[in-house]
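Next come the chains, spelled out residue by residue.
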Amino acid sequence: MSIPAPFTGKTEHEAHAHRDDIASRMGMWLFLFTELLLFGGLFFLYSVYRYENKEAFHDAARELDTLIGAFNTAILLTSSLTMALSIAAIQKNKKMLSVVFQMITVALGLGFMINKYFEWSLKISHGLYPKSEVMLSLDHGEIIFFGLYYVMTGLHGLHVLVGMVLISVMTNFTLKNIINRDNYVKLEAAGLYWHLVDIIWIFLFPLFYLIT
Amino acid sequence: MNEQHTQHPHESKEDGHGYGIYILVWLGLLTLTGITVAVAGINLGGLTVATALIIASIKSYLVLTIFMHLRVEQTAFKVFVIVALFFVIISFVLLFSDYSFIQDSDV
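As given, the protein sequences belong to chains A and B, one line each in that order.
This note's numbering applies: residue 1 is where the first sequence begins, and numbers increase by one.
This note's numbering applies: residue 213 is where the second sequence begins, and numbers increase by one.
Mimicking SDA-like on lysine to any residue, the simulated pairs with C-alpha atoms at most 20 Å apart in a straight line are:
1) K116(A) - V249(B)
2) K94(A) - V169(A)
3) K290(B) - A23(A)
4) K54(A) - G258(B)
5) K92(A) - V284(B)
None of these hints come from the bench; they were simulated from the model.
This is chain A alone, in the form it adopts within the complex (with noise of 0.2 Å):
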């Protein structure tokens, strides 16, 4: 049954364990495809109904702050970063300097989220939320504009929270040495979610900021 050791170049006990990482990392990246099309289908609809309201996606994103944005924006590329970097550190079996810049990582992330709760609220502040008379007294195209500027930047911020709670079990794991220096590839998973997430940001901040 067992494979043979120098068949693997691994123990007969390392053998069972049926380790597979490049097809552990292709399986990732299938679902990353998956991801592709979801936001993919989102950045349809906005093409067409900015194709359609031009003038009314121009005069919505003016109430969008370039600055936060952008600040934002700084936050994930950074946090891509040092998700990169904690690979990197992993590979050269430097443990701690990995489980810190994972903390960075997830730290970053939280950052991001605290930008985009001041950035709703205020929004909501201002009236400017599903439904509401704001809203509604607000052109069509206005209308459309913010409801998917609520519907993509929020999935967004989902994924982003889901990566923190990715990057977090990695860091639990890489403290248990469950993730090591022969092992890795549960947080290069991780990781390429994370870069994902980054690149739809790239892509959300030109098309919803910066269209003014």
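For chain A, the structure is supplied; the task is to place chain B on it using the hints.
Using the frame of chain A, we list chain B on its own:
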């Protein structure tokens, strides 16, 4: 160190990823973000969206190849990603060719 390396033959390609390249890419990404914001202030007419999307694509390319390690992955990964992106782009092209046709026939 050498002994450890012989035990991890598959790792040699990943050793090419020092910390430096990630920091370089991060600086590049921040610079491109700055450029996007700066360019958005200038009215380029119809080119505004195109410029923003091109810069976003360059940023995504950097994240995909360096941060997500596509550069050192097997060819199958690259083919998969290209096929996935191809179909998203095809969907966009078909959507807009169909949509603009409906708009025209309405008028």
